[in-house]
Each structure stands twice: as C-alpha cells, then as structure tokens.
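Protein sequences, first through last, are from chains A and B.
All the letters of the first sequence, read from the start, carry residue numbers 1 to 647 under the numbering used here.
All the letters of the second sequence, read from the start, carry residue numbers 1 to 647 under the numbering used here.
All clues stand as given, with none of them false.
Pairs count within a copy or across copies, as identical chains cannot be separated in the list.
With a straight-line cut-off of 30 Å between C-alpha atoms, the simulated DSS-like cross-links for lysine-lysine are:
(1) Lys642 <-> Lys277
(2) Lys277 <-> Lys638
(3) Lys565 <-> Lys642
(4) Lys33 <-> Lys12
(5) Lys568 <-> Lys638
These are computed hints drawn from the structure, not numbers from a lab.
There are 2 protein chains.
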Amino acid sequence: MIKITFPDHSAKEYKEGITGLEIAKDISTGLSKEVLAVSVNGEVWDLTRPIKKDANIRLHKFDDPEGKHAFWHSSAHLMAEALETLYPGTKFGIGPSIENGFYYDVDPGDGLVITDADLPKIEQKMVELSRRNSPYVRKEVTRKEVTDYFRDKGDEYKLELISELEDGTISVYTHGNFTDLCRGPHLPDTGPIKAIKLLNVAGAYWRGDEKRKQLTRIYGITFPKKSMLDEYIEMLEQAKARDHRKLGKELELFMFSGTVGQGLPIWLPKGTILREKLENFLRKVQIDYGYEPVITPHIGLKELYTTSGHWEKYGKDSFRPIQTPSEGEEFLLKPMNCPHHCEIYRYKPRSYKDLPIRLAEFGTVYRYEQSGELHGLTRVRGFTQDDAHIFCRPDQLKEEFIKVIDIILYIFKVLEFDDYTTQISLRDPDDKEKYIGTDENWEKSEKAIIEACEEKGLKTTIEIGEAAFYGPKLDFMVNDALGRKWQLGTVQVDYNLPDRFDLEYTGSDDQKHRPVMIHRAPFGSMERFVAVLIEHTAGKFPLWLTPDQVAILPISEKFHDYSKKVLKFLNNYDIRTLIDDRNEKIGKKIRDNELKRIPYLLIVGEKEEKSNTVSVRRQGEGDRGAMTLEDLVIFLNKEIEKQLNIN
Amino acid sequence: MIKITFPDHSAKEYKEGITGLEIAKDISTGLSKEVLAVSVNGEVWDLTRPIKKDANIRLHKFDDPEGKHAFWHSSAHLMAEALETLYPGTKFGIGPSIENGFYYDVDPGDGLVITDADLPKIEQKMVELSRRNSPYVRKEVTRKEVTDYFRDKGDEYKLELISELEDGTISVYTHGNFTDLCRGPHLPDTGPIKAIKLLNVAGAYWRGDEKRKQLTRIYGITFPKKSMLDEYIEMLEQAKARDHRKLGKELELFMFSGTVGQGLPIWLPKGTILREKLENFLRKVQIDYGYEPVITPHIGLKELYTTSGHWEKYGKDSFRPIQTPSEGEEFLLKPMNCPHHCEIYRYKPRSYKDLPIRLAEFGTVYRYEQSGELHGLTRVRGFTQDDAHIFCRPDQLKEEFIKVIDIILYIFKVLEFDDYTTQISLRDPDDKEKYIGTDENWEKSEKAIIEACEEKGLKTTIEIGEAAFYGPKLDFMVNDALGRKWQLGTVQVDYNLPDRFDLEYTGSDDQKHRPVMIHRAPFGSMERFVAVLIEHTAGKFPLWLTPDQVAILPISEKFHDYSKKVLKFLNNYDIRTLIDDRNEKIGKKIRDNELKRIPYLLIVGEKEEKSNTVSVRRQGEGDRGAMTLEDLVIFLNKEIEKQLNIN
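Next up, chain A with everything else stripped away, as it sits in the complex (with noise of 0.2 Å):
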C-alpha cells in the first residue's frame, strides 16, 4: 500500500500502482469525468500512468492551467493526426500547448499549401476522430527505437529533435493512428475534446530560425463543452472589436510610421492629452507620497552600463552604441532608467537622515526587439516607463513597500481595474548562490514584502525561486473587463546595483552603509498600460481622462455661434471641448460622437440658445436634460472628483 496525501492535507492509503483516474473515480464518478490530469509531487502526469509511493497528488480540472495544459496537448496530438489522415506524408515539428489553445507547425510536403480555407475540413476530421475515444497510450522508448520509427515515416524535423534528447527520458504517445514523441502529459482518451476550432493559419520558421525552412503553423483551441466555445468565440469577437490597434487609430490616438521605425509609437494630440493626463495624475500621487521627479538623457556612455552590468547581460542584443564623429565615444540608447538615477544618488553625500529618496522619471528607454515581435502598443522598441527609484535603508523596506502598494492599488481604484492578482516572486533557498546579496538582506527583504502584502490584505501567489538574482519582487496582474490576464505594476527590490554604483549613506553610526534600492513602476509603461487601458474600457475612459470631454452639436448653422460661446465658457473651466459644426443631421452627430466615444454631448437649437442652456446627453445612456452652463460645469466637476478622489 502506498500513502496518497490531498492538497487539503488530508491522506489515504491505495494499493501500489494506482492512477490518478482510480483515485478521482474513488472520490466522485462526477469528478472522474471533469478530471484531465494529475499531479504527483510537484510534476504533472497523465491520469493513467501508475503510481508507484506514497506521493502528495493534486487532481487537475479544465480550471486549472495544468487541466488546460493537457486537454490542449492532446488536443494538438489530435490535430495531427487529422492532417496525417487528411494529407498523409505531413512531416510535423512542435505541436505545443499555448496561453489559449495549441498549434502545431507542419511540413505538409512540397507543392502542398494549407490555408484558412482547409480549416473547416481539419476540424471536421478532428470532430470525427475524437469521436473514436482513442486512449492516449505513454511509452518510454530507446534513442534506437524512436529515431527508427521517425526514419522509417521520413520525418526529419523529429529526427532533429530526438538527436537532442538523452538516452533514457525519450517517451512517445500514441493515439489512434497516430504516434509522436513527446513528454506528455495527456488526457486518458480523446472523448473529452468536444468542441473544437481552429483559429488561423501562419508561417512559422523552423526552430524559429530565418535561415531555415518556414513550417505552417496551425493554431486551435478545443472545449469539455460547446458553451465554452462559443464563450470563447464570443470574447473572441469582443477582444477584437477592443483592439487597442483599431480603437488607437479610430480614436486617432497614436500611429507608426514606416519612415520613423517600426515599434515607435507616435503620440497623436488626442493620445498625447490623454497620456499626459495619465502623467499628470501619477505625478501628483507621487508627490504626495514625496516622491523627486528627475529628468535624464536618453542616451550613456557604454562604462554606464558596464557598471550596471546591462551591457554584459543584454549588450549584444541591443540596438548597437553610437559613436561620436571625433573623440571615440561610444554611447548606448537607455534601456533604462536606473543607472542614470543612481549617478544622482552619487552626486553628493548621502546621510541616513536623507534617506528614503525617492526619484521619479517619465523615463522613455528603448530596447531592440525583432520586428516579427512588434505588436501595437504592447511590444514596442521605445515606450516610456512610469519609473521610480528608492533608495532605503534596510529597515525601511517595509514601509515604502507599503507605500508603494498604496499608490498602486489607488491607480487600481480609480481606473476601475477591480479584479488583479499579486505575486510575491522569492528566491529559491536551496539554490542560493545564484543570487546576490548577503542572507540577512534577502531574509529582511523577503519578509518585508511578505509582511507588507499581508498588512494591505493582497491576495498572493507566492513563487520560490522566481526571484530576480539581484533580488525578491511583486508583481500585479489585472484582469480586464473581458477576463484577460495583463501584467501592469512591478516592484522589485535590488541589491546589485546599489553595489555595482558603489551606492553609501553615512548611518547614525557615522559608518558608510550600502542603501536598498526598489524599482518600481505602477503602470509597468504609459504604451502598454494605455493599450491596457483602452481594451478595458473599450476606449470609454473616464470623464477625467477623455481627450474629448464634450462635444456641441449645433442642430444648424444658425446656432454655431452659440456654440461658440458654449465653447468658450466651458474651455475657461478647462473643460475639453469641440463643436461639431459638418452640415449633418442632429442624429447623425449624435451617432458619430458617440462612436468617437465622448461622453457628453450637449445639443444646441433655439431653445437652448434662447434659455442660455444645453441639452446634455451622456454616452450610451441618453438624455438628462436642459441644463445652464453654470451648472453643467458644476456637474461635470462633481464627476471628475468622484472618479479621482475614490478613496
């Protein structure tokens, strides 16, 4: 008998050999049926796969990202061999499991070409086959076996594969007619994989080297149940509707030019105003949290970053230094800030009394990424952080990590990302001297954040081991407004360049110490959290940050120069405002301003004009009525503080 303990700590006894499908099937025949894999002290297994001593299990659902991870993997398996059926002679490369479904990269063999067009069929013979319930069948092989196997089919991309693999780990599944080498783990049989689409086709190359050949990648994502699908296909269709891509260039927020670069995003006068507004509000928490506002050059000599050591670590996948005409400089576009902001700390003596000193920067760097990486706002080759750093003492780690944690979770607030998550990244004791700095720092440091996140009532995942080698982290995951995961806000303590900068403050003991350093940066940057933010919110900001807060539509020309009045008295109380004066119907403006997303529209004929008032209509909720200028400022004002002064 061997002992099998729960998640919830609680334990029983099964005969040796047992798998975690008997063992679901022991607990719920309900649960036997959602179950799609296991894990067995700490490595994820197939449901079928015997367990030989005692172990600490965990029984993987669709929920968990382990149950996803097996359903997709199987799911890809499937694929395969649906194309082998259809196409046979298909060579395969890696089929893997992603965030959201699977793909697989394929050589359908020369003068064959797969399309989005031949999708339907590849779904339809997948259906088909799942059908069959095939068991997924596990077996360890020898190098001798499995290279003779992918010989006799001619697949040479496995061949290149098995080559790289040890003696002794090699496994393959097979599945119907179908067997690939892989490391599972899989589901019991194909019977779960009920609902299935396949997404698009791509070009992907080989090993993802240009110089080699260029597979079809084929992505696909498959559901227990058809709900789930079309919930999928649903969210699908919205996400693309938010697209921050497409809202940024109907909104007329920013552009990309060929002839400026790829990756660098241009701020059009809407999204500058409403980056700036962004900025401004961060800037004014800062200082009240005492933060410095610094500002630095964009470009350092290359000895800046072989002191930070960046250049060591990133240098030569960089954008390359940039010489000077005469006198041999070599400079390096900032990837960023923090080098630049310890050469501050340098410029005088520092005392224990000064410390905390907190330097905040706009801080736009650049960093090379290939152009097949490039996406809108997201992943760019410049974006600008929302940067700080602190440098402390050790015993204020905790109360700035709080602070910190404060100003974060106010951005939260007000921008209405309700729902995030925190992960407290450690590092992994049994491994330490992959990390720098002394024990007592790392133990201090650790508990400081640990400590912190308790007392601000953070719900945390912790990871060992997921510490940067330079020191402990926290991390803030939003969901957004249709579920999506999103990384915004990091705060990260150092211990390394504080000792690369040769970094000291006078303590009460009149001795030099080395200060901490945090990194932080609450929106992570203004790119990428406005793209976050314009897919939340499907472009419809809050009142305080809307380019455009108010737009007048004159019913006609006679009324433009009441307009313009209306115009003149709101911009005196800063209120953002245009007239829409185009020759259209009054529904017609209506619709097209409410596309643009502005939230107030205020209608003017002769009435209103007579009366000296405006017929006020809010964004996708309709009228409320006439109201004087006086006190439609007044309205409007209550709304703004509402939405800043939230705590």
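Based on these hints, arrange chain B on the given structure of chain A.
Below, chain B without anything else, positioned relative to chain A:
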C-alpha cells in the same frame, strides 16, 4: 570737391582726399576726440584714410560695434608690441577683436611660457607704449615685400597666412616698433587706449587644428576711460556670481556626470520642478492658442533624414547611426523634431478647413558637439526644444506670425525680459538661386513677417541675405539684467520640408496645394532658457516658478510639530514648502535659506504657535509681520496671479 552724405541724409562738399578724422573735426572738436573709425559706403575705414570720391559716411564712436572693433583690434596690435618688447623673438598668429575685447595667439618660442602671472607686466608695458600716441600707419604692400619682411623676422605663422592672400589685397599696419599683416581698420594712434585689462591666458591650436602647434592665447579688453573698465570688471564679477553653472550647482538644479557623458544635462529634483513649471506654463498658453500636443520618439530611421535633407547636410558631423543587431536597420538620434511632425501631418488627408494645424512638442534632441565647445546648459549635446510646427495656407502666414509673436511677448513679459530686440532675416534678392521656393511665396512670407512685426510694434532690424535657404525668419534677442545679449526665440518659415515630405492639403478649389510650415520655439530650448533665466535673475526666480517657494524655520525643536502642521496646510494648497529643522540659530537659518533663494521664510516660535500664525520674511526685503495661514495662502496666490496674469 567730393560730396559727403551723412546718415541723416544731409550732405556737404569737401576737398578730395579728406579723411574721416578731418570731417569729424569739421563737425566738432568734441566729436573728433571720440570718433574711432568711419564707414565709407558701408566699408569700415581708418579715420586717416583719404576719401577720394563722393561717399555716404558714418562716424563711429566707442558705442558702435564698428568703433569697438577698431579700438580692440588696435589694442591687440598694442599688446603684440608689448609682447615683442618684453619677449623678443615672439611669433604671432592671429589677433582679432571679439565680442568683448580681443586676443592674440602667440608663440613665445621654445622654453618660454606666458602665464596669468605675467599679465600685469604686459599690461604695464601696454600702458607705457600707448602713452607714446604712436600712429597706426597703413601701407599697401606686394606679396614679395611682405613675405621678405616676415621671412627676415622668422615668423612662419604670418608667412602661412600671407601664402593664402591674393596679390593686390595685402596691407600692413605699423605703429611704434611693431608691424603686422593686417586688413584694418585701426585707430589713428594708440592714445585713446587708456584703460587696459588683460584677462587670462589659454591654449589654442594654430588654425584650430588639434594636430598643429598649441599657441598661447592672451585675452584682454580695453576702454577709452578708466570708469568704463571699472564698470566692465564689476559686470564680470557679477556675471561670475550669476554664472548658471555655479548657481545651478549651488541651487541643485542640474548636474553632469562623466559616466553618463559630457554635455548631457541631468535635471535634479529642484531643476526638474522649475523646468516642468516652465513647460506647463507654455503648454497652457499654447493650448489657448490652438496648439495640439504630440509626442514622438527620440530616434528615426536614417531614411527619415535623407528625406528631410538633414543627413546630407549634417550627417557626417552628427552622432553616428545606430545599427540594429539584426534586420539591418539604421536609426539616428533625432537632431530635430520637424521630420517626425511632418509624418504626423501626412498621417491623414488634410483639407484647407483643417489648417492651420499646430503641432507642439517638448522634444528632446541630440546633436554632437566637440567636448571643447560644451558650456554648462548653453552648449550641450542633448536639449529639449519647446518646439512647434505650424502647417498653414500661404494666406494664413501673417495671422500665424502675429499669434506666435504674441506668445513670445507674453512669455518675455511674465519672465521680465523687458529689454529685447528682434531681427528679420530676408533673402538676398540679387542671389535668388541660393534659395528654394517661388518668388511669389518669398515675397508673400517676407511681407507677412514685416507687417506682423509692424503691427505688433516691434523694433526690428532687417538683415538682407541672412534668411535660411528654405525661408525667411524672425529672431528674438533679450538683454539680461547685466546688459548681455542672448539669442532666444526663433520663428522660421520653411518651404523646403513641405516639398521634401510631399505635404498636401485639398484647397477649396478641390486641388492639391502645398502648406507652408513655420518652425518656432519661444524659449529656444529649455536648457538654454533656464541658463539665461538663472543669469538674468541671479537665481531669484519669480514665486510661481521657483522650486521651493516657502521655508518654515522653527526657532527651536519644540516647534517642529507646529512646523509640520504649517507644511501640511501649505502643501494642501500646492505651495512648495520645506522645513529647516536643523539644530541651528534662527539667524543662521535665515541667512542659509536666503542664500538658497527661497522667496518666503516663515519663522515659527511660541507666539506663532499660540496664535496659529507665522512670521513672514520676504527674501531681500525683510519682515512682513505675522499672518494667519489662510491669509498667507491668499497673499502668496495673489503674488503668483499677478506674475502670471500680466496682460
């Protein structure tokens, strides 16, 4: 007889061969004692040179630049004579007059070094020689004569200069025992050079070429009266005390770091606050004037600058292109914002109704300067232009010019630059092929500028032939509190970039037209403007602008809590306040905080705490008595409002 016409258009007949000096004597003995040079038909001549034909003349005294030039140029010869007397065998490079005084580059021969310590001796010798009233005698010479003279003398520097002159254009001047190769003009004799000060010694490569010999450059200045020299030296001392590099350090406004790179300013917290206040001030003015803010990247593909023409013109003297690690792209650090703004204009079709479009950006640009050229914030390698580009129809040019002038004058007024001059630079109508753009456009835009300046009542000088090849321009120069002239704002018409970027708008005639572009920067750059502002105000910035507006000075530690209460109260009203809680006597606290240029000092002790007041001191003006906190806020805001609402 010849006819001599004076600047007031009056004319008089004189015998042929009359000299400027004789004409001056004819007018008045007083004038003849003050006159230093004469312009004859626009060319500056020695006063003793015979005038042989009818001529327009102007007589120059010391207050004319032409008078100063002759005075200081003659002084350089006088110094050379003194050097030759004291250090026989000295060889001479060039010895021009400059904006303030003169210098001579000399080679005293091997083994002899002239240092600042030698200056009094040389000065003394100059005084002695000047008293001899030696006349400066001009002689036109052949190349052979002059070559023989300097070969005999053994002065290879002069020989090199002679080799580059054309026969028939060579003249020498002799006074006392010294003869120099020289074009003139000079004073009649050394007599007027009464007050002499040699300033300092520096090294200077022969012909500015670092591969050639380093000569000794001796700077000096002279005046016709001792009182003028005293005044100048007093001004120099004041300028030294106001030097923005010195005050920038003392007031902790900015720093440079050898590790970040020379000429790359880093704005410290107090400097950043000052700069952001200035930017926000201009931002608000610009919004009122219909500007739209944009933000563009700090790099652009090389292609952008081949399109704009900047690469061809400035490429080889700029920071070298930035390569990418793959994909073979080449970027440049942007040296100006205009090409990016042209790309924004091109972003969508524009109609005549959309114009003018005014795109504004505080855009940081990078231009390579040799390290020897760098100087504080006035000559840097990276700076932020308060840039905007106006794209308008030709018929809108004048109105746009007037609006730009309005903005610039408003800024000058608020920042108390009451003494300024303007210069209009037009094309040379005799050399039209130097310029691009049609005659019609040039005439229109030159007329627009001239009329706009007239309508605004500006005192302007018009310089023919000083326009850029792409359009006429208007420059603003301010005189600071010490009477020094600084070039600040610029307004520049551009017909070139709209062509190169193929910018268009659809006219009311439904045809495509080219917009005109206006570049304008009222401050010039934030760096340069802040430097001028520091030197103009000696660091005593207006209340609205100054980084720390108020310092609270508790009389003793007992009043720290009350001080914090006052601080919090003032912070709530966005008044930038600090507490000086050092354990120092109140007298020292007052002195130290006045030195920091903090406008208001609040002294708090028992009386103040009890009555909930503060005792107010205005920097440099002393006691203002006790005020309640509410009254203080009203008082300060009134001062700020008065400073900003100057119109």
